[in-house]
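Enquirer: Next come the chains, spelled out residue by residue.
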Amino acid sequence: TQLLEQSPQFLSIQEGENLTVYCNSSSVFSSLQWYRQEPGEGPVLLVTVVTGGEVKKLKRLTFQFGDARKDSSLHITAAQPGDTGLYLCAGRGGDHNAGNMLTFGGGTRLMVKP
Amino acid sequence: GAVVSQHPSWVICKSGTSVKIECRSLDFQATTMFWYRQFPKQSLMLMATSNEGSKATYEQGVEKDKFLINHASLTLSTLTVTSAHPEDSSFYICSAADRASLDIQYFGAGTRLSVL
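Residue numbers (the working numbering), protein chains in the order written: chain A, 72 to 185; chain Z, 9 to 124.
You may find that some hints are simply not true.
Here are some chain A residues the structure puts well away from chain Z; computed CB gaps all over 10 Å [claimed, not checked]:
| no. | residue |
| --- | --- |
| 1 | S97 |
| 2 | K127 |
| 3 | T133 |
| 4 | D142 |
| 5 | T148 |
Taking lysine-lysine and the BS3-like style, the derived pairs with C-alpha atoms no more than 27 Å apart in a straight line are [as the list claims (entries may be wrong)]:
| no. | chain 1 | residue 1 | chain 2 | residue 2 |
| --- | --- | --- | --- | --- |
| 6 | A | K184 | A | K141 |
| 7 | A | K141 | Z | K49 |
| 8 | Z | K22 | Z | K49 |
| 9 | Z | K72 | Z | K22 |
| 10 | A | K184 | Z | K49 |
| 11 | Z | K28 | Z | K74 |
Chain Z stretches covered by chain A per the calculated footprint, using a threshold of three residues with CB under 8 Å from any CB of chain A [what the hints assert, rightly or not]:
| no. | segment |
| --- | --- |
| 12 | 48-61 |
| 13 | 111-123 |
Because the hints were derived from the structure by calculation, they are not lab data.
Yeah, the Cβ is synthetic: ideal placement off N, Cα and C, and Gly gets one too.
In isolation and in its complexed conformation, chain Z is listed as follows (with noise of 0.2 Å):
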């Protein structure tokens, strides 16, 4: 099966410091990537999507400028917590869909963030 790969799978930073993740479809073309946030025993938020070579389309109440997205090939989107905090402590997950079947999205393993 497809596969989407994230990385790194967790990362410790300091307050104030800006952390990326990436996310790569591995086996195929993803046009369309997602990220999500997932707190503590919650479910996945979405935060937003974003399709190759154009502006990433945010969800209501997610900040653009401290959440930046990268889609800059179809098999590459970076998530960039700039200026992190330790409410931005959470655990992100993207997800891919595929060019040839948009209804199929193949999430990454996640990345733990931790902000001290």
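One chain only, chain A, in its complex shape (with noise of 0.2 Å):
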């Protein structure tokens, strides 16, 4: 079972439509991060959010930690094909976990067709 789970799996859209992503936890945890990895590449960081009920934009990325710091969405406006890839969630500090270490989500796979 997932510690994070993120819905949809997979998306895919057509450019210019918009689209929310979730990742959804029973844990409470300290901060969340989202990634967006490209095929055969790590993932690169787009974001930390850490206060309950935080939102940070990022062009045109919007992230939201949900007040309980449990859930956080990605909500991306006007999609292009440049923003077709791989989308993880990772939360830090939860409830079954000490330390510091990143517990991954199952990802989001999104298709942004031209």
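Given two chains presented individually in distinct reference frames, assemble the corresponding complex, making use of the accompanying hints.
Expert: What follows is the structure in structure tokens.
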């Protein structure tokens, strides 16, 4: 059982559409990160959210941390083909996780068609 | 930003041979390095955590005698897959945490291992 559940697992949309990816857990995390990974590459950090209710924007990407610090969402506005990739959420310091380790969600594979 | 170099990026080996993967922090001292395994279209699964100068801590289900980890210096950790078998074929990724900022992990580009 994944400690962090991501949904949807796969998403195929047309260029210009909006989308939201969810990351949910029953555990409370001290912080949560979102990564984007392209095939054959390591994950690249997009954002870290720390405070419950926090919202961060990165150009067309909006990240939100839930008030209870158990869930997060990533919203992409006007998606572009360059947004295609695997999006991973990762929580630090969850109930089942002592120390500094990251626990990754199952990932959301996004394909944006031109 | 901090850079983590992983080598090789791709390796093909015969069943029964051993393969060593290197992970280097290029511009910072990594007190802690992490090794992950990622199967196709799946997420990253932590295999082990290594602290410089001490034995690695392995996650449940990961055989420490099969996946040998050495973190002998603050800039280098190695993962050796001993007596590799086809089921060990996977994408292996390392990350490193800076002594000054343990909350941030910098990821390598990964190593794709194919065991024939």
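Enquirer: Decide, hint by hint, whether the structure agrees.
Expert: How the hints compare with the structure:
{"no.": "1", "hint": "S97", "verdict": "holds (18 Å)"}
{"no.": "2", "hint": "K127", "verdict": "holds (16 Å)"}
{"no.": "3", "hint": "T133", "verdict": "holds (22 Å)"}
{"no.": "4", "hint": "D142", "verdict": "holds (17 Å)"}
{"no.": "5", "hint": "T148", "verdict": "holds (25 Å)"}
{"no.": "6", "hint": "A:K184 with A:K141", "verdict": "violated (32 Å)"}
{"no.": "7", "hint": "A:K141 with Z:K49", "verdict": "holds (25 Å)"}
{"no.": "8", "hint": "Z:K22 with Z:K49", "verdict": "holds (24 Å)"}
{"no.": "9", "hint": "Z:K72 with Z:K22", "verdict": "holds (21 Å)"}
{"no.": "10", "hint": "A:K184 with Z:K49", "verdict": "holds (19 Å)"}
{"no.": "11", "hint": "Z:K28 with Z:K74", "verdict": "holds (12 Å)"}
{"no.": "12", "hint": "48-61", "verdict": "holds (count 7)"}
{"no.": "13", "hint": "111-123", "verdict": "holds (count 8)"}
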